[in-house]
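S.K.: These are the residues of each chain, in order.
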Amino acid sequence: MTIIYMLLAISVFVALIFFALFIFSVKKGQYDDTYTPSVRMLFEDELVKEGASNKANTSKKTITNPEK
Amino acid sequence: MVNCFHCGDPCLDVEIKHEEKSFCCHGCKTVFDILHDNDLSYYYDLEKTPGISPKEIAGKYDFLDNETIVEKLLEFNDGSTQIVSFLIPSIHCSSCIWILENLNKLNSGVKSSQVNFPEKTVRITFTAEESSLKNLVILLSRIGYEPYISLDDSEKKEKYINRSLTYKLGIAGFAFGNVMFLSFPEYFEHSEFWLDQFKPFFRWLMFAFSLPVVFYSASGYFTSAYKGLRSKILNIDVPIALGVAVLFIRSTIDIVMDLGTGFFDSLTGLVFFLLLGKFFQQKTYSYLSFERDYKSYFPIAVTRLFKNAEGKTVEEQAEVYNVKKGDRLLIRNNEIIPVDAILIKGNALIDYSFVTGEAEPISKQSGDKLFAGGKQQAGILEVEVLKPVAQSYLTQLWSNDVFSKDKTGIFENITDSISKRFTLVLLTVAFISTIFWLMVDPSKAFNVFTSVLIVACPCAIALAAPFTLGNVLRIFGREKLYLKEASVIEQMAKLDTVVFDKTGTLTTNQKNLITYEGLALSEEEKQLLTSTLRASSHPLSRSLYNILDKNNIQTLDDFEEEVGKGISATFNNNSIKVGSYEFVGFYDEMTSEVKNKTTVHISANQVYKGCYIFNSEYRKGISEVFEQLGTDKDVIVLSGDNEGERERLEMLLPEGTKLYFNQKPDDKLNFIKTLQQSGKQVLMIGDGLNDAGALKQSNVGFVISENTNVFSPACDGILGASQFNKIGDYLNFSKRGVNIIKWAFLFSLFYNLIGLSFAVTGHLQPVVAAILMPLSSISIVVFTTVATQFVGKKLRTDINK
Numbered sequence: 442m443t444i445i446y447m448l449l450a451i452s453v454f455v456a457l458i459f460f461a462l463f464i465f466s467v468k469k470g471q472y473d474d475t476y477t478p479s480v481r482m483l484f485e486d487e488l489v490k491e492g493a494s495n496k497a498n499t500s501k502k503t504i505t506n507p508e509k
Numbered sequence: 002m003v004n005c006f007h008c009g010d011p012c013l014d015v016e017i018k019h020e021e022k023s024f025c026c027h028g029c030k031t032v033f034d035i036l037h038d039n040d041l042s043y044y045y046d047l048e049k050t051p052g053i054s055p056k057e058i059a060g061k062y063d064f065l066d067n068e069t070i071v072e073k074l075l076e077f078n079d080g081s082t083q084i085v086s087f088l089i090p091s092i093h094c095s096s097c098i099w100i101l102e103n104l105n106k107l108n109s110g111v112k113s114s115q116v117n118f119p120e121k122t123v124r125i126t127f128t129a130e131e132s133s134l135k136n137l138v139i140l141l142s143r144i145g146y147e148p149y150i151s152l153d154d155s156e157k158k159e160k161y162i163n164r165s166l167t168y169k170l171g172i173a174g175f176a177f178g179n180v181m182f183l184s185f186p187e188y189f190e191h192s193e194f195w196l197d198q199f200k201p202f203f204r205w206l207m208f209a210f211s212l213p214v215v216f217y218s219a220s221g222y223f224t225s226a227y228k229g230l231r232s233k234i235l236n237i238d239v240p241i242a243l244g245v246a247v248l249f250i251r252s253t254i255d256i257v258m259d260l261g262t263g264f265f266d267s268l269t270g271l272v273f274f275l276l277l278g279k280f281f282q283q284k285t286y287s288y289l290s291f292e293r294d295y296k297s298y299f300p301i302a303v304t305r306l307f308k309n310a311e312g313k314t315v316e317e318q319a320e321v322y323n324v325k326k327g328d329r330l331l332i333r334n335n336e337i338i339p340v341d342a343i344l345i346k347g348n349a350l351i352d353y354s355f356v357t358g359e360a361e362p363i364s365k366q367s368g369d370k371l372f373a374g375g376k377q378q379a380g381i382l383e384v385e386v387l388k389p390v391a392q393s394y395l396t397q398l399w400s401n402d403v404f405s406k407d408k409t410g411i412f413e414n415i416t417d418s419i420s421k422r423f424t425l426v427l428l429t430v431a432f433i434s435t436i437f438w439l440m441v442d443p444s445k446a447f448n449v450f451t452s453v454l455i456v457a458c459p460c461a462i463a464l465a466a467p468f469t470l471g472n473v474l475r476i477f478g479r480e481k482l483y484l485k486e487a488s489v490i491e492q493m494a495k496l497d498t499v500v501f502d503k504t505g506t507l508t509t510n511q512k513n514l515i516t517y518e519g520l521a522l523s524e525e526e527k528q529l530l531t532s533t534l535r536a537s538s539h540p541l542s543r544s545l546y547n548i549l550d551k552n553n554i555q556t557l558d559d560f561e562e563e564v565g566k567g568i569s570a571t572f573n574n575n576s577i578k579v580g581s582y583e584f585v586g587f588y589d590e591m592t593s594e595v596k597n598k599t600t601v602h603i604s605a606n607q608v609y610k611g612c613y614i615f616n617s618e619y620r621k622g623i624s625e626v627f628e629q630l631g632t633d634k635d636v637i638v639l640s641g642d643n644e645g646e647r648e649r650l651e652m653l654l655p656e657g658t659k660l661y662f663n664q665k666p667d668d669k670l671n672f673i674k675t676l677q678q679s680g681k682q683v684l685m686i687g688d689g690l691n692d693a694g695a696l697k698q699s700n701v702g703f704v705i706s707e708n709t710n711v712f713s714p715a716c717d718g719i720l721g722a723s724q725f726n727k728i729g730d731y732l733n734f735s736k737r738g739v740n741i742i743k744w745a746f747l748f749s750l751f752y753n754l755i756g757l758s759f760a761v762t763g764h765l766q767p768v769v770a771a772i773l774m775p776l777s778s779i780s781i782v783v784f785t786t787v788a789t790q791f792v793g794k795k796l797r798t799d800i801n802k
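These protein sequence lines are chains A and B, in that order.
All residue numbers for the first sequence refer to our numbering, where the first residue is 442 and numbers rise by one.
All residue numbers for the second sequence refer to our numbering, where the first residue is 2 and numbers rise by one.
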């Protein structure tokens, strides 16, 4: 039954890893804005599609000096 | 009616057809072109008509050529990589997020951009070689996302977000969960071989987990209790800190002396629930700011004129703080005048709606004094500075003491007022029962003493207010009253005096009630009038034009507008003059009735016809609001205007309403102060910067806002203008909320009595505490939530009545 010492040590260690990750993510500001990422994650695919289909027939213009 | 493909506004005057789509103006069409040419038309697939029509910005951002100003705005700058954060009030939908995060498609200098939607900000990283701050601002403005840059941005504030509550809560929750598992075995088995073997190990592990909880998570309670005791106040944190300390000491003694398992699970659970309450009470409307002063309205830079060595007049962009007395400034159309000044050249038509709430612009002649805070509406002005920013008529208000005081610290909240008595009773019970046991069975005395302090720890009491107020705060938010913090609700329940500002608060600043007085106009004259007004861009002409019949609009033979005076026009040998009394050609004394009001006079073929009077329109239901409030409160109107509206107000408002006119910003502040000195609890409801002092001085200050995107001065709450007639219901609701807290107190005292009966008799086992403590906390949370939702429903039906 002394194995329980080791089991406990492992379980506490795993718990501490998750806890450290939580603190780390709070510190990085991941919980500061909880809304925008939920919208942003839906964009990615569409952006690729848009770029691929239009690139062929439209020439790209870049606005570097919009004042003119 | 066709709606614009870009912004969704109806295409009123013109409809521009382009690529089989309709646009309301060239601005919208240009944005569409920019996005279309850069493969960004997905913008229009995400949301229907997501766009904002861009505004004219020529020359507006020239100040961004000034290196020192740019340096102040940048968040990070290493010479090549630069980072800047902009506040963009027009961010409103997912298309906005998408386009702003794809800025690199429009400007190759942009490395990355990230939107924070709740705060309406975008953070842009760009390379200085390929782009500049000015280019970015102009690009954003051109696609309809004009950043808001004000004097406030020139002071670099370290953006510090206090996350310690999240850490504390995380640690307490983590420890609570682990300790609970470790303490379970001993609750179920008493003496079992293996259990006895591992008991010390489990116990010391629990001890280890509770250390960060006591010394970090609960540290706030110890410091608050210490501060309370030092200023001789028994706040709620005193019995909590006492409970936590006793729990920890008693549990440690228990495991050291091998007396029992200790109360570590109750200890960690207690702290966890308490912090949860604190967390719940925090509800921030991050896109609203309750701390704004004049700096958020004022520009960061102005155009200064000076003579160079050759005697030529040159323009330069100067920081507003560097403007001195005697400087010549150039104020462009739609710019805010940041200083008190004398008008030298140009037609001044100044809109003081930021300051007073008055919607109609005032015209000024050269030589007149212009006060800071007004927005020029008609062309370019040249002015000479009388007083620098910090000393102007308006901004001096902020040097008053009230702005440096913290309002929240002053009043005793409902929890603290009960905790005073609670703590005294608790200590008495603890000492009496200890003395009793010292005489009967001294071995049990220590046990009883600590048990009483543990079980009576007012967790449930401490949770009653945060959860109730947190719920009430959210319900208010749903009904468009946005409060700064939960403690405002308690203050609201105590109010006995309500003070209203007039202009912009009691009156709307959108619609005008226009009446005509004088000789009736013939059909021809009416046509001529509408045709004339159509060509004018003056705000009064626009609102007058909107109410008139628009039949037979003709192209005028001749049209002339004298800014700040009026317009004259001719058609088919008929001439008309529209404008000020002097302008239409008459110099006799006006009737006093008309004098104090905003008027537009008309003469046709050199004959005076009459005038249109612009009456400020009062908000819907103000009579009812005043009557409802008047039943148990004093209601006062405090206006910065002259007495022109006294008669109408007296007719509208119930008898006995006190009206004060000609109140300067300082007067308003002092008026509130005098009321408070006579023991009144004052609610101030205002809207403009001139109310800022009164709002700050009052017990509760609300700002009426037509549009929560527009900035409002520092206050305790922002009320959507559409909800104006519900103020009485809101105040009643806050009272009900406080009553719920009182019921919750009774409820939790009942739990305390049960716990005390265990403790006093010396029967408090850890398992009893472990059940009783979470049970009482959870039932209080459930009770307050259900009760506030119930009362909230009632508020809803009251409002929709």
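Errors might be hidden in some of the hints.
[What the hints assert, rightly or not] Cross-link-like lysine to aspartate or glutamate pairs, in silico, EDC-like; alpha carbons within 20 Å at most: (1) B:Lys-296 to B:Glu-320; (2) A:Lys-468 to B:Glu-120; (3) B:Lys-566 to A:Asp-473; (4) B:Lys-794 to A:Asp-474; (5) B:Lys-284 to B:Glu-76; (6) B:Lys-665 to B:Glu-480; (7) B:Lys-346 to B:Asp-294; (8) B:Lys-388 to B:Asp-294; (9) A:Lys-469 to B:Glu-120; (10) B:Lys-121 to A:Asp-474; (11) B:Lys-376 to B:Glu-311; (12) B:Lys-121 to B:Glu-562; (13) B:Lys-121 to A:Asp-473; (14) B:Lys-795 to B:Glu-383; (15) B:Lys-527 to B:Glu-480; (16) A:Lys-469 to B:Asp-294; (17) B:Lys-56 to B:Glu-131; (18) B:Lys-659 to A:Asp-473; (19) B:Lys-279 to B:Glu-562.
Derived by calculation from the structure, the hints in this document are not laboratory data.
S.K.: Next step is simple, just say for each hint if it's right about the structure.
M.R.: Status of each hint after checking the structure:
1. B:Lys-296 to B:Glu-320: This hinted pair holds, its Cα atoms lying about 13 Å apart.
2. A:Lys-468 to B:Glu-120: Holds, at about 19 Å.
3. B:Lys-566 to A:Asp-473: Distance ~53 Å between Lys-566 of chain B and Asp-473 of chain A Cα, so the pair is violated.
4. B:Lys-794 to A:Asp-474: The given pair, whose Cα atoms are some 30 Å apart, is violated under the 20 Å limit.
5. B:Lys-284 to B:Glu-76: Distance ~27 Å between Lys-284 of chain B and Glu-76 of chain B Cα, so the pair is violated.
6. B:Lys-665 to B:Glu-480: Answer violated: Lys-665 of chain B to Glu-480 of chain B is near 32 Å, above 20 Å.
7. B:Lys-346 to B:Asp-294: violated (30 Å)
8. B:Lys-388 to B:Asp-294: holds (19 Å)
9. A:Lys-469 to B:Glu-120: The hint holds at about 18 Å.
10. B:Lys-121 to A:Asp-474: Satisfied, since the Cα-Cα distance of roughly 11 Å is no more than 20 Å.
11. B:Lys-376 to B:Glu-311: Cα-Cα ~33 Å, so violated.
12. B:Lys-121 to B:Glu-562: violated (40 Å)
13. B:Lys-121 to A:Asp-473: holds (13 Å)
14. B:Lys-795 to B:Glu-383: With a Cα-Cα distance of about 57 Å, the restraint between Lys-795 of chain B and Glu-383 of chain B is violated, given a limit of 20 Å.
15. B:Lys-527 to B:Glu-480: violated (45 Å)
16. A:Lys-469 to B:Asp-294: Violated, at about 31 Å.
17. B:Lys-56 to B:Glu-131: violated (25 Å)
18. B:Lys-659 to A:Asp-473: Since the Cα atoms of Lys-659 of chain B and Asp-473 of chain A sit roughly 47 Å apart, the hinted pair is violated (cutoff 20 Å).
19. B:Lys-279 to B:Glu-562: violated (61 Å)
Figure legend: structure checked against the earlier numbered hints; hints not met, in rising order: 3, 4, 5, 6, 7, 11, 12, 14, 15, 16, 17, 18 and 19.
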